[in-house]
Structure formats: structure tokens, C-alpha cells
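Visitor: One-letter residues, chain by chain:
2 protein chains.
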Amino acid sequence: MALKLRKTKAPPQIPHCPLTECMSLLGGAWTPNVVWYLSGGPRRFGELRADIPAISAKVLSARLRRLVAKGVIAREVMPTSPPSVEYSLTVLGEELVPAIKAIVSVGERLKRRHATYP
Amino acid sequence: MALKLRKTKAPPQIPHCPLTECMSLLGGAWTPNVVWYLSGGPRRFGELRADIPAISAKVLSARLRRLVAKGVIAREVMPTSPPSVEYSLTVLGEELVPAIKAIVSVGERLKRRHATYP
DNA sequence: CTGTATCCAAACCGATACTG
DNA sequence: CAGTATCGGTTTGGATACAG
Chain A
1 MALKLRKTKA
11 PPQIPHCPLT
21 ECMSLLGGAW
31 TPNVVWYLSG
41 GPRRFGELRA
51 DIPAISAKVL
61 SARLRRLVAK
71 GVIAREVMPT
81 SPPSVEYSLT
91 VLGEELVPAI
101 KAIVSVGERL
111 KRRHATYP
Chain B
1 MALKLRKTKA
11 PPQIPHCPLT
21 ECMSLLGGAW
31 TPNVVWYLSG
41 GPRRFGELRA
51 DIPAISAKVL
61 SARLRRLVAK
71 GVIAREVMPT
81 SPPSVEYSLT
91 VLGEELVPAI
101 KAIVSVGERL
111 KRRHATYP
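Those protein sequences? They're chains A and B, same order as listed.
Residue numbers for the first sequence follow the numbering used here, beginning at 1 and rising by one.
Residue numbers for the second sequence follow the numbering used here, beginning at 1 and rising by one.
None of these hints come from the bench; they were simulated from the model.
It should be emphasised that the depicted structure is a prediction, and the values quoted were computed from it without experimental measurement.
The list treats identical chains as interchangeable, and a pair is accepted whether it falls inside one copy or across any two copies.
Lysine to aspartate or glutamate pairs mimicking DMTMM-like chemistry, simulated, CA-CA at most 20 Å apart: (1) 111 with 94; (2) 58 with 86; (3) 111 with 95; (4) 70 with 94; (5) 101 with 21; (6) 70 with 108; (7) 111 with 21; (8) 70 with 86; (9) 58 with 47.
Kindly produce the complete structure, drawing on both the sequences and the hints.
Guide: Here's what the structure looks like:
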């Protein structure tokens, strides 16, 4: 098959909602993790797979493609003998990092108190 | 049917990852919105439906139940003549707010930067 | 090494109808 | 008012195999 024809169905979102707007960039189970690991510097496909062991190649590939399409990350093919590809955050992608940092810090606090909620 | 038996299958997550840990609380398209609107104070079921017009009763109900089960929100039945129910953030839920705030503020900057929407 | 194709299971969502 | 039941459709994600 040449190219999957996108359905372009209206997404179930609140119009003009910044929260939904931003979540659409982070949508998908592993997307925040990908951005998070990329925030430490450029990474290759295989490195990201090692960073996030539970992710499948298919999903990682899909997330990467979507993030590139949205302008969150950049994809650069390195002309090495075994061809390698480097992904890195764009300026737009860097803007997402503080939000993810906030999520991580909440997650850490959640784990520390993990025993208590009703 | 009496009670849906939960499958309790191991979720596709990285163990001990604070980011995934926190994202599991926010899973589902409308969850962040629910928490966000609740951060303004306690709300009733119908009020939340009005806040998020595109959400269906079924999904709102499901999200609410899950958030209660996870300890993010509290559910209190008010003994009024037409019975009403109030939902509010727990202490754990309040901890999520800064993260969502960060996401919202990124979303706002994203919109200003693109400036492509009416 | 860097992906894509295919199959399949689960989660998600909306509309409608119905209960307490 | 505050949900739940059910049906149907869409989306997501994982496993495996395979291609450039």
C-alpha cells in the first residue's frame, strides 16, 4: 500500500481549549516518554527503544512520525556506513519539557506517598 | 449484570517510571479536562457535562469512577430533595493541578505562536 | 540499524434508552 | 438529577515478521 489515507474525522476535542490543544501533542501512550528522553539530547531510534523497553517498534515509529509532523521533533539522517537517524527536540518541542517535568515531579511525589489514598 | 469483573491485566507501562505513573492517572481523552474543571472547586455531574459539552454521560461517568478509584477525586452525595452529587479533588488530585497548569500554559503559548486559528 | 506490514486484542467514545 | 446498559464504531497498542 502506498499511503494510508487519513480519515480526517473531527477529533473529539473542545475547540480553543489550550489543555486539549497541548494534550493533542502529547497524545498516545508513550509520547511523553519519547519527548522526555529526547530532552536529554539527540537520540537514535534504537537508543529510544532501549530507553523505553516496553514500547514496540511500530508504536515508536508511529509516535516519532507524528511528532515530526507536528513539529515537535526533528529527524536527521546521518550519512554513516550503517545508516543511522538522529531525533532531537525542536524549539517547539523544548517548550513541552517544562510541562513534562511537572508531570514527572508529580509522579515522583505520588510514588513516595503511594500507600495512602482511599 | 451485577458487577463488571475487572480484568486487572498488567498495564503497558514502564515499571517505576514517575512519568508513566502520573500519566496513568490522566489517561483517557477527557480526564485532564475533568481534573481541570474540578480544580476550580467542587462540581456536580450535570455541571461537568455542561463544562465539557462534547463528553457523553457514559464517558464522563466512566472517567469519574476511575478517578474516584484512583483517589484523585472524591464523590459526596448531598442529601437534598432531588439527590445531587458533588465531586471534588482530593489532596492527591490537587497535586495534579500544577502539572495540568503547565500543560495549559504550554498550550496557550503554542496557540499564540502558531496564530493560525480564528 | 531503521523502520513498515499485518493480525489481533483492548481501550475508548457516542448515541440512545432506561433505572432510581 | 445522576447515573448505568447496550450497541456499534473508531483508535490504540503489542507481537511478529519482514523490508530497505
